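Visitor: Construct all of the structure, not just a fragment, from the sequences and the given hints.
Given next are the chains, with one letter for each unit.
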Amino acid sequence: DVKVTQSSRYLVKRTGEKVFLECVQDMDHENMFWYRQDPGLGLRLIYFSYDVKMKEKGDIPEGYSVSREKKERFSLILESASTNQTSMYLCASSKSGQGRGTDTQYFGPGTRLTVL
Amino acid sequence: AQRVTQPEKLLSVFKGAPVELKCNYSYSGSPELFWYVQYSRQRLQLLLRHISRESIKGFTADLNKGETSFHLKKPFAQEEDSAMYYCALNFNGYQLIWGAGTKLIIKP
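Listed in order, the protein sequences are those of chains A and B.
Everything in the first sequence is counted per my numbering, starting at 1 for the first residue and increasing by one.
Everything in the second sequence is counted per my numbering, starting at 1 for the first residue and increasing by one.
Hints in this document: simulated from the structure, not taken from any laboratory.
These numbers were taken from a predicted model, which means no experiment stands behind them.
For every residue, glycine included, the Cβ atom is placed at its ideal position computed from N, Cα and C.
Please note that the accuracy of each hint is not assured.
Cβ pair distances, simulated, as ranges [said to hold, decoys possible]:
#1 A:V12 / B:K9: 22 to 30 Å
#2 B:E79 / A:D38: 20 to 28 Å
#3 A:T83 / B:K15: 20 to 28 Å
#4 B:I51 / A:M54: 23 to 31 Å
#5 A:I77 / B:G16: 44 to 52 Å
#6 A:D59 / B:K65: 19 to 27 Å
Guide: Rendered as structure tokens:
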């Protein structure tokens, strides 16, 4: 069974702090994703990675960076947290298909980040 | 541009009544569509995908290319169906475009 874990369920930080959110998957998936989940806006993609050390910007990358040094781990970094980054952050992973399209995305439990 | 629209933010029906969660998409190619569900205090998970043509927990969804729709249906709602439902579109092989979600409440 695929397991995606996130380092924290709840996190409270102050404006200007550097924040690290970590995600680990145990199924050898190539693709990993970071999303924001906000009411009425659905899921918005921040960054994704299709291989170690590879990253691509999603729809809302401003104010965020990512790191993927190992295949199983994908970190989201808020360089200087701001109140408008208060949100639920979801990590997901999927296996690369062979030209068949997206495979199922498996999600972590989420990290609810509050920036004061 | 690719887009997924879920017109209802909230849908409330009585237990035993039919349920239809609407999803419309905009995509120029051959779409691959999904429904994901998030039950209270659980993680987001795949409910069904159109290529599988399967019924999961009594839910079905048919792709209608003419109407560019992928509505999720269940003939008889159950209280455990209460959840947040998201429609999603694959547009480049591994990325998904997500709808805003519909919160389904089943009243007893």
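Visitor: If a hint holds in the structure, say so; if it doesn't, say that too.
Guide: Hints, one by one, checked against the model:
1. A:V12 / B:K9: 22 to 30 Å: holds, 28 Å
2. B:E79 / A:D38: 20 to 28 Å: holds, 27 Å
3. A:T83 / B:K15: 20 to 28 Å: violated, 40 Å
4. B:I51 / A:M54: 23 to 31 Å: holds, 27 Å
5. A:I77 / B:G16: 44 to 52 Å: holds, 49 Å
6. A:D59 / B:K65: 19 to 27 Å: The hinted range 19 to 27 Å holds for A:D59 and B:K65, with Cβ atoms some 26 Å apart.
Figure legend: structure checked against the earlier numbered hints; the only hint not met is number 3.
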